[in-house]
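Asker: Sequence order for the protein chains is W and R. The numbering of the first sequence is my numbering, which starts it at 544 and goes up by one. The numbering of the second sequence is my numbering, which starts it at 76 and goes up by one.
If you're looking for bench data, these hints aren't it; they were derived computationally from the structure. Fair warning: there could be bad hints in the mix.
Claimed, not checked - If the Cβ cut is set under 8 angstroms, some of the chain R residues that face chain W in the computed set are: (1) LEU372; (2) ASN448; (3) PHE449; (4) ILE592; (5) GLN650.
As the structure is a computational prediction, the values presented were derived from the model and not from experiment. Even glycine gets a Cβ: it sits at the ideal position worked out from N, Cα and C.
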Amino acid sequence: MKITTGGEIVVKSLLDQGVRYVFSIIGGQMGTIYDAIGKNPSIDVITPRSETSTALMACGYTVTTGLPAVAMCTVGAGVVYEVGGLIKAWLDYLPVISIAPQVQSYKMKPNQENLQACEQDLLFSPITKFNAIVYHWERIPQLINRAFREAASGIPGPVHLDIPVDVLFKHRFLTSQRKKRLLPPPHQSRYIGPIPGDAPSLEKACGLLKQAKKPVAVIGQGMGRAGRFPQIKACLERLEVPFLGTRLSAGAFDAEDSFFMGDAGSFANFEAGRKILEQADCLLIAGLDPESQQILKIAQNATIIQVETDPDALLGQETAAPVFADPESALNRLAEALARRKGRKPVAWKNKALKTGEAAAQQVLKAADGPIRTAFELLDGDSLKDCILVADGAPAAFAPAFLKSRKHAGGHIMDQGATAGAGLPYAIGAALGNPDRSVILLCDKESLFHHLRELQPAEELGAGITILCVDAAQGPNNAADLEKVLQGFGCHVHRAGEKISMANVLRHKGQAGAVLV
Amino acid sequence: MKTLSGSQVLARSIAGAGIGFVFTVAAPRLQPVVKSLTSIDGMTVIHARDETAAAMMADGYIRRSGRFAAVLTECHGRSLCQIAGVTNAWADKIPLISISLCDDQAPDANKGVNRSAYDANRVFEPVTVWRNRVSSLADAPKAFQDAVTHSQGSRRGPVHLDIEAGLLERQIEDEIPGLPQEGPVAHRKLTHLRTEGAESALGQAVKLLQTARKPLIMAGGGVKASGASLDVVQFMERYGVPGCTSMAGIGAIPADHAYCLGGPSYTAGEAFHAAIKQADVVLALGCSFSGLEGFGLPPLWSKKIKCIHVDNNPNQIGLNISPEIPVLGDVKTVLAQMAGMLEASSFVAPDAWANWRLFLSNLKRERKTRLHNFASRPWGALHQGLLALEMGKIVEKENLVMVIDGGNTPLYAAMYGPGMSPRQTFFPFGMAALGGGVPYAIGVALAAPEKRVMLITGDGSCLYAVSELETIQRLNLPITIVVNNDSSWNMIKALQDSLFECNYVGTCLPDIDYARIAAGFGLHGERVKSADQLAPAYERAVQSGGPALIDCVTDCKNLPDSLLSFAMVEFEGAQINPVKLVKSLWKGRDMGLSRALHQASYVRKALVGFNPMAKRRV
Chain W
544 MKITTGGEIV VKSLLDQGVR YVFSIIGGQM GTIYDAIGKN PSIDVITPRS ETSTALMACG
604 YTVTTGLPAV AMCTVGAGVV YEVGGLIKAW LDYLPVISIA PQVQSYKMKP NQENLQACEQ
664 DLLFSPITKF NAIVYHWERI PQLINRAFRE AASGIPGPVH LDIPVDVLFK HRFLTSQRKK
724 RLLPPPHQSR YIGPIPGDAP SLEKACGLLK QAKKPVAVIG QGMGRAGRFP QIKACLERLE
784 VPFLGTRLSA GAFDAEDSFF MGDAGSFANF EAGRKILEQA DCLLIAGLDP ESQQILKIAQ
844 NATIIQVETD PDALLGQETA APVFADPESA LNRLAEALAR RKGRKPVAWK NKALKTGEAA
904 AQQVLKAADG PIRTAFELLD GDSLKDCILV ADGAPAAFAP AFLKSRKHAG GHIMDQGATA
964 GAGLPYAIGA ALGNPDRSVI LLCDKESLFH HLRELQPAEE LGAGITILCV DAAQGPNNAA
1024 DLEKVLQGFG CHVHRAGEKI SMANVLRHKG QAGAVLV
Chain R
76 MKTLSGSQVL ARSIAGAGIG FVFTVAAPRL QPVVKSLTSI DGMTVIHARD ETAAAMMADG
136 YIRRSGRFAA VLTECHGRSL CQIAGVTNAW ADKIPLISIS LCDDQAPDAN KGVNRSAYDA
196 NRVFEPVTVW RNRVSSLADA PKAFQDAVTH SQGSRRGPVH LDIEAGLLER QIEDEIPGLP
256 QEGPVAHRKL THLRTEGAES ALGQAVKLLQ TARKPLIMAG GGVKASGASL DVVQFMERYG
316 VPGCTSMAGI GAIPADHAYC LGGPSYTAGE AFHAAIKQAD VVLALGCSFS GLEGFGLPPL
376 WSKKIKCIHV DNNPNQIGLN ISPEIPVLGD VKTVLAQMAG MLEASSFVAP DAWANWRLFL
436 SNLKRERKTR LHNFASRPWG ALHQGLLALE MGKIVEKENL VMVIDGGNTP LYAAMYGPGM
496 SPRQTFFPFG MAALGGGVPY AIGVALAAPE KRVMLITGDG SCLYAVSELE TIQRLNLPIT
556 IVVNNDSSWN MIKALQDSLF ECNYVGTCLP DIDYARIAAG FGLHGERVKS ADQLAPAYER
616 AVQSGGPALI DCVTDCKNLP DSLLSFAMVE FEGAQINPVK LVKSLWKGRD MGLSRALHQA
676 SYVRKALVGF NPMAKRRV
């Protein structure tokens, strides 16, 4: 029998869910959680220098590892900073678990002008899949498990829990029997396994694909990445249908994938690519997202097969075969059906589509201006091998086309329209989750400045990311000397043209380094 | 008929609402709006590096200038990043105009695959007083006029406008009702409702005050909003009533005024505690009785207090305390009415009031002496109290504007700093948020071009908006940043000291040279380690001719004694494990005997209320 605080129950529940890092800046109300973390060597706190970055680092960590990531910020003053970071997890379908303390449960709602408080549950509600207030000590494990389940199931996304300070500081005797009842083993808290799918729809989809002469697939919603059906790559090899990847699945596919046509955005903006999509007679969408919706609008002549892990994402009448299944199971089933197909394979169509994809990428890269092109030239084959490349700012528009022809480079493209400057904290999260891989942040000066402060914890953590920054000022008003600014943070700075190769810079893993173009 | 672009309509609507300062961050879709704004005579557009900072700059500008300003950002993450700044304005009831672009598609609350269709206005809802979505250019002028109006109604605070991004690309030929003609922007000043108090309520209030034995004036942020600081001071002096301030009211009565105790409890210590435990009548002026003030309720406050609560917002009255006499009205107006009634009745303050005032003054003086003696001991490193004292001397001598940021740093500044006028000092008030210092200093400096600004910030807080050092340098703003660098998140580290057996997790920072970081941005930067180096370092900073940062290495073992008062509010109702508490105190003996005794005397004087010397001197 042991006296257990609410904070200890929180940490135990997080450990059960496999959490290794909590991205957090402390506040007094989280005292019991931090105390429990300090006593457990299996879980650590990573402290950025602004709460906005807690969520962004968690995004980078979870998307590159497939492991759960937690952002934890303090009451009011802390969580309002976090909102601007968690929106990335919301828009990019990332299962970030956000937990925050609240003021006393008996006076937090409605707001009574409490110290630092606001109704943070309302603040998070529109940008999370699920949010709740944990009013009772006994419900902490249940609601944390539920948060993880909601975040990861169906279309993933962030979730948020508020736990009042009196619940976190409450302590109770925890008998082994009570512990067993309160904290079920993790496999009992949610379903983890394949979704073989809705058999009749899948049967119909097999029939449609077998008939197709000009099929195209679009893989979106982050499918193919770590923790999000990475085996889909092998399934697509077996399927032998040319496919596009959307921004959210960028980096999951590369030159190693025989049927990869490139990124959906570049392809759709290329005239010949657009024609291919118009000619397609069957469009297989695995994971609908904003980019695949654009492709859907172009491929007007195609019969639509849609595979979703969440039935709510199925389009309805637009889709001839709406399939609720996980993409690995569904694609394997479709591949088996195609293998049994009689007649000739559409080889000419495949070659034409792939060639068009190549041309689309080349056209995008041609449009890159001098400094951005130089930056890509620095990213030669050797330096990129087994690296994680995070592209932000102006170069991000060209990065998918660049990544198409590279092998073994996990690419992550930051969306300029959604969040600004997420690249740096995201890259730090990625570096923490992948200590044996190099992480390169390809960015421009404007985007780098948003979260520049995070260079300090990056250095402290030894998360030696390498920044390849286009220093040609995009914003006309940034007057700082970037070289000096980065040196101020302890970065080793090189200028392109100093006979420096990325491979040399990357060799100093553990130290923050920067190459300015 | 001249054709106008959506950007021009938007820019003219902003100017037409009297907003002459717009803080933004460069983004491609905003470029045409910014171009249109800058073409308006008298309009200033300031580019920040990050949206959070842009919102805080606008807030700082409004607080100092008393004029309207707006923050204008792109959509999604860029828009939601400004919410931290908007929330600070909401907590302190500042009429900030927050503007963002949003997607053209109608909001969809179904949380499906179409994530970008979330309703941004709903995210802003808990921290704004009014919101709207502009879906047509014809609605824009009125929307901005409404925004300004609603930001300073009885519920004063920030407002948010979502502008559908597609509007910027539209052209309009029709005349839009309410769209001002081209011309210079007429900068609009914040106004304040001058509501008179009802005669009946005031009659009772005056009667209650006349019968009081130990009256106390509590000045909140409403005093500053009403411009009533001088009136409050005159009232206090005329009748010899002691006064104190809430956190939001800091500066409403100069802390060094003979009748002012300072405030609230965790800055003014035993003087404030004694006042709110022993007072029988409290005249609360524009005070929200927030958590920062212990809600005006037990255990910090006496349950026997009879309160006259004057506030312009009917929803604020009775929110936390149940006043004996509620008065709906503007502080300045009501105070003048009350003074008139007291004059008419030829009221003379009884002798008991003088004794009461003297007792509190003694407590204040004793506290000041005790704090100063303690800070001046030969500590191994610079004591934060000495830092605040030295900086305070410079602020007073040079008549600077002071901005404070941090956790413990504001407590030190309030405990040791100088008495300031209402618009001379800017603390993180209601949200007590970290990281606003640099952007607030920028906003304040832009609003006070004739003054030099001193920002005193903690080390935890100083990196939040470090990118804005570029903005400071680019605009060559006369800002001196003083960093209280104790290499820790010390306010919370104190909690780990006292409740968690010194289990320091996430509260220790390495030895970071912030002067070197600042120098990277082109600021004059230097590091000091002792009190005698502070004034010369400041001199050199000024002589450098530009902005500067002085990194002061301070003693991480020091804590403000009054942190205990803070903890009483923060952890009210939370179970503290007594075994852990005892173990923590035992481990905490490393702090040394003198620090332990210093804390013990705070517990005795402020929390137990045992102050025989102060009583004997009356």
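Asker: Have a go at the PHE449(R) hint: is there a Cβ in chain W nearer than 8 angstroms to its own Cβ?
Answerer: violated, 24 angstroms
Asker: With 8 angstroms as the cut and Cβ atoms as the points, is ASN448(R) at the interface with chain W?
Answerer: violated, 29 angstroms
Asker: Is the hint on LEU372(R) kept, meaning its closest Cβ partner in chain W is under 8 angstroms away?
Answerer: Hint violated; LEU372(R) Cβ to chain W Cβ min 10 angstroms, cut 8 angstroms.
Asker: With a cut-off of 8 angstroms on the beta carbons, see whether GLN650(R) makes it to chain W.
Answerer: holds, 5 angstroms
Asker: Should the hint that ILE592(R) touches chain W count as held when the rule is a Cβ pair under 8 angstroms?
Answerer: With a minimum Cβ separation of about 4 angstroms from chain W (threshold 8 angstroms), the hint on ILE592(R) holds.
Hints 1, 2, 3, counting from the list given before, are not met by this structure.
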